[in-house]
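J.: So the sequences go chain by chain: P and E. 73 is the number of the first residue of the first sequence in the numbering used here; add one for each residue after it. 18 is the number of the first residue of the second sequence in the numbering used here; add one for each residue after it.
Derived by calculation from the structure, the hints in this document are not laboratory data. Don't be surprised by glycine CBs; every beta carbon is placed ideally from N, CA and C. Some hints could be false.
[What the hints assert, rightly or not] Examples of chain P residues lying across from chain E (beta carbon under 8 angstroms, computed):
| no. | residue |
| --- | --- |
| 1 | Asn-149 |
| 2 | Leu-167 |
| 3 | Gln-195 |
| 4 | Leu-217 |
| 5 | Lys-218 |
| 6 | Phe-219 |
| 7 | Ser-348 |
| 8 | Val-356 |
| 9 | Leu-379 |
| 10 | Phe-469 |
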Amino acid sequence: MSKNKNSLIIDTTDHATKGGLLNRRLFLSSAIATTAALATTRAAYGQEIVGEGQEDWVLYPGSDAVEYSNRSRFEVNSVKRLLPNDSQEFLDLRLTKIVARTPLDHLMGTITPNGLHFERSHQGIPDIDPDQHSLVIHGMVKNPLKFDINALENYPTVSRNHYMECSGNSNVLWQETPTNQSLQEIHGLLSGSEWTGVLLSTLLDECGISPDAKWIIAEGADNGMMTRSIPIDKALDDTMIAIRQNGERIRPSQGYPMRLFNPGFEGNTSVKWLRSIYVSDRPVMSIQETAKYTDMMPDDMALQFTLEQDVKSIITRPSSAMSLKKKGIYEITGVAWSGKGKIARVEVSVDGGNTWADTALEGPIHAKMLTRFRIPWMWDGSPAVLQSRAIDEFGRFQPTRKQLIDARGRNGVYHFHAVHSWGVATNGEIKNVYA
Amino acid sequence: MFMHRILIIATLFLSTQLATAQESLFGVPATQADIDKSFWSIFPDGEFLPDGEGNVAEGRELFEYQCNLCHNFPGENDPVKNQIGKLFGVDDKRGKSNFEQTIGSYWPYPTIVFDYIRRAMPLVAPMSLTNSEYYSLTAYLLHENGIIAEDDVMNKNTLPKVEMPNKDGFINAYPEVPEKYLAKP
Chain P
73 MSKNKNSLII DTTDHATKGG LLNRRLFLSS AIATTAALAT TRAAYGQEIV GEGQEDWVLY
133 PGSDAVEYSN RSRFEVNSVK RLLPNDSQEF LDLRLTKIVA RTPLDHLMGT ITPNGLHFER
193 SHQGIPDIDP DQHSLVIHGM VKNPLKFDIN ALENYPTVSR NHYMECSGNS NVLWQETPTN
253 QSLQEIHGLL SGSEWTGVLL STLLDECGIS PDAKWIIAEG ADNGMMTRSI PIDKALDDTM
313 IAIRQNGERI RPSQGYPMRL FNPGFEGNTS VKWLRSIYVS DRPVMSIQET AKYTDMMPDD
373 MALQFTLEQD VKSIITRPSS AMSLKKKGIY EITGVAWSGK GKIARVEVSV DGGNTWADTA
433 LEGPIHAKML TRFRIPWMWD GSPAVLQSRA IDEFGRFQPT RKQLIDARGR NGVYHFHAVH
493 SWGVATNGEI KNVYA
Chain E
18 MFMHRILIIA TLFLSTQLAT AQESLFGVPA TQADIDKSFW SIFPDGEFLP DGEGNVAEGR
78 ELFEYQCNLC HNFPGENDPV KNQIGKLFGV DDKRGKSNFE QTIGSYWPYP TIVFDYIRRA
138 MPLVAPMSLT NSEYYSLTAY LLHENGIIAE DDVMNKNTLP KVEMPNKDGF INAYPEVPEK
198 YLAKP
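Chain E on its own, in the form it takes in the complex (with noise of 0.2 angstroms):
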């Protein structure tokens, strides 16, 4: 109650102050700066994607380097890299079980590959590569998994029209999961 009374004298002391400046209690306003830092969300239709350019056979070379430790190359078979995640090698275009759901099997969007290595990949250390070199490991996944040409590249115009073998695979469950999914009595 009395924080409330508080909020509320302090509320109108500030929206006379702060009239048309920024109406926010606590907060201050956000410069570009601070979005830039922290908001690193790339959307399907491309919005947000950077400038730079990356093409297949660099993306295989950085694969080796920055990638290999952990993920397996085409046509190699460690199971544990197996276990932390397969990135190639799955033909099923509906990829049944979690194992088999690999980027050319079930992932909607090419700009999922892009923002996902980008934020989180390589493991040890995430966003250490520039833009082009992002781009260029996205080809390179791209093109193992049978989506795009040796010779294509990818850059803010190209990768966003990739289209992905699974891109109608997926049904909205919210607000309410679809009838027929639902279990009868």
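Next up, chain P with everything else stripped away, as it sits in the complex (with noise of 0.2 angstroms):
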């Protein structure tokens, strides 16, 4: 770029017409490489300019504003993981790359910038005309009824923080050896966002439910339409049909142009791309609530509609992605969340669970969403566990992998919820382990 400027060559055949005008920029450029020579021949001849040893950036002007920004080009690195490890036979059947995980361990705060929102379809990512589409609401009510996006717009919306997390994140954690996965790949499956919705008990509410309306069936409009079915109390409580997330239009991946959101509920509830609610008096029974999204528990029974998220936090610093250089002081931080309200505390142990440590939180906690901890660590040299656990508003608690696999034993693969352990050896490198 700043090469360019140095040998800018004049182009004395840009005319603008006939006749001899050149081209009206022509002077201005001329005029920017004069300057830009004469700072170089001075230079040469032991001249001091005042900025001798500065930058391109700072010597020459920058680039154009744009339409819509992208991150600098050295942010290479904070990039979404997909699909891990499936052999080509096995994604020239599946057709498309159905999963790709956020990187926290790049991101601070509790908002995940849109690009990097996890996403996980089952049959791809459709490309929805927003003019095509519209949202149904039918089934027990008195007047069934159409919404398209620019009549959601119209609505008083709610802007409310919430995190999203996919019933199968963590999942491998359930396996009896742990796996030497990243941070990402284990936990990838979680972000947060500003969601902008109307409520949904808004429309329920001028369609006019039946006093006997107990569930609602979602169906997308994706490739497969997905469908799941919600409690009536939820649906009338804080599930919105969320259009925006970080204030713009929410992206294609995440249902564009307007999808489900049932705040603190495992991922696949908030059904995506969403054209229809039928209301009922009994859940659909749909393969994403039966033979899928289903825990298989010690005693050969399945636990179904594991709705409401519980009690859970991760350390995302220190973790797999980095090593300790040297002994010192280092932040131990991370987040916490619940699917029933707000976290009240999150405690941090460095030696595998013998002792805890209060962390402090950062504010403001909004309910349902991720909370940030932080504590400071210093780290002698010597081996660590380290170990986040956490408490919500009522009182609920994270379980150690012990007391969760003692209650719900190791065959289910959804819903892991337990305290996560790194291990940190004392050459500094950290690895997921069980503790």
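From these two lone chains plus the hints, build me the complex, please.
T.: This is the structure:
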């Protein structure tokens, strides 16, 4: 960029009209070139210009303002991770990549940038034209109604900070032996945003639902038409039809132009590309709430409708992605969340759970949203096991892995929420361990 | 505040205008065509099952052309296809791991098979078959899972009556996870 400016060639063939009028920009750019050349010449003669030693980005004007910004070209590591290690034969049949995980180790605060929000679909991300899409609410209602995106934008909206966590997040921790996976691979199906939408209760009210209504059945307009049943008490409480995420319209991967959003519920219930809500007196028992998203318990019964998520926390720094270079002070930080309400307390242990210390929580603390915790730690170079455990405002606590497995066994594939451990070796390397 | 005031005025205006008809500020009445286009759910008691009928033999033939590209036939054991989705061959009636949770070992209602394969399969072109063809594929999958006989036909009356081996295998965790599955301090 700056090199080009130094060797600016004045193109006198750049005529704006016939008759010798040159492009009006030419004079301006030749002036810049002259100034730059002068600076170079003065430097060559040993004359000290005041900008000596300054980088190019200080000495030369930067680039244009743009219509939609990208990150710095140097930020190449803060990216989502796609499906791990699947064979090409598998991908050929699978047709689309259906999972991308958030780089939690690269983020701070509690809001996930829209481009880094985790993505999970079953049959790919649809490319929906909002002018051809609307939501139909029908079933046990007096007035079946239809709303397109413009109709929804006219309602008073609410904007609320909420996390979103896939039901299958952290599920490798059910395995008998710890995998050698990173923070992003283990816990990356977790993100936080400010979601804006219309409360579903407003729309259900207009439809006039029957007093016998007990559930709503939500269906998406994606390939495969994702379907889930949501209890009516939730639907009338804080469930919203989300249309914006962190201010802008939600992205295709998050359900553009509209999605169901059930704060604190397992992610799969927040049906994206929402097209139909059927008001019902019973759940539909779709594949995604029977054959999938259910967990086998030790007595061979399967837990179904594990909708409201438990209290959970993870340490994001230090974590697998980095190693401690030398003894000294480090900040231990991470996020905690509860599907029921606010986080009340987060404690950290560096000795595998023998002793615990209270951490500082960064406010404001929102219900059903990530809360960041922090505590300084002096590492003396000896092996350590870092853990965090959270308690929510209702006194629900995050169990140890052993306590969780004692109660639920190891045959489930979803809803892992126990304390997680990072093992720090004497050489400063950090790994997923069980403790 | 401003928006709210407008809404109040709009509500007053609309409620006098539309006192009996639709009571929506910005929504419009949904037609039956709107509903039919967007609503594909089928309940375990068979509500919303369509007309049409299918049988196992036809299902077997359809499976070969529409499904076998990605899913194994009974007895076949291509590991990649097993990874995509194993549809048969687990006898344990409470298939313990995710991998063993198939229609015969885990699914609680027969209607889920029809509902799911119609909305989502074949993966390359869901909803590309007729209702009768989906009934046939459903019959075939249920038969090969040892649930119905070779000459049983499936339609909106017979399908909901099929009893699944694991129909009593589920416990509701909403609104509270049952005490015995809660981690104890």
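J.: Does Asn-149 (chain P) meet its interface restraint, that is, does its C-beta lie within less than 8 angstroms of any C-beta in chain E?
T.: The hint is violated - Asn-149 (chain P) has no Cβ within 8 angstroms of chain E, the shortest such distance being about 30 angstroms.
J.: Holds or violated: is the Cβ of Leu-167 (chain P) closer than 8 angstroms to a Cβ in chain E?
T.: holds, 6 angstroms
J.: Per the CB criterion, is Leu-379 (chain P) less than 8 angstroms away from chain E?
T.: holds, 5 angstroms
J.: Once the shortest beta carbon distance from Phe-219 (chain P) to chain E is found, is it less than 8 angstroms?
T.: holds, 5 angstroms
J.: Is the interface hint satisfied for Phe-469 (chain P)? The criterion is a beta-carbon contact with chain E at less than 8 angstroms.
T.: Hint holds; Phe-469 (chain P) Cβ to chain E Cβ min 7 angstroms, cut 8 angstroms.
J.: Go through the hint on Ser-348 (chain P) and say holds or violated, using the shortest Cβ distance to chain E against 8 angstroms.
T.: holds, 4 angstroms
J.: Any CB of chain E closer than 8 angstroms to the CB of Lys-218 (chain P)?
T.: Check passed: Cβ of Lys-218 (chain P) comes within 4 angstroms of chain E, closer than 8 angstroms.
J.: Does the closest beta carbon of chain E sit nearer than 8 angstroms to the beta carbon of Gln-195 (chain P)?
T.: holds, 7 angstroms
J.: Regarding the hint that Val-356 (chain P) lies at the interface with chain E, is the smallest CB-CB distance below 8 angstroms?
T.: Holds. Min distance 5 angstroms.
J.: Report holds or violated for the interface hint on Leu-217 (chain P), using the least CB-CB distance to chain E and a cut-off of 8 angstroms.
T.: Holds, about 4 angstroms.
Violation of the numbered hints given earlier is confined to hint 1; every other hint is satisfied by the structure.
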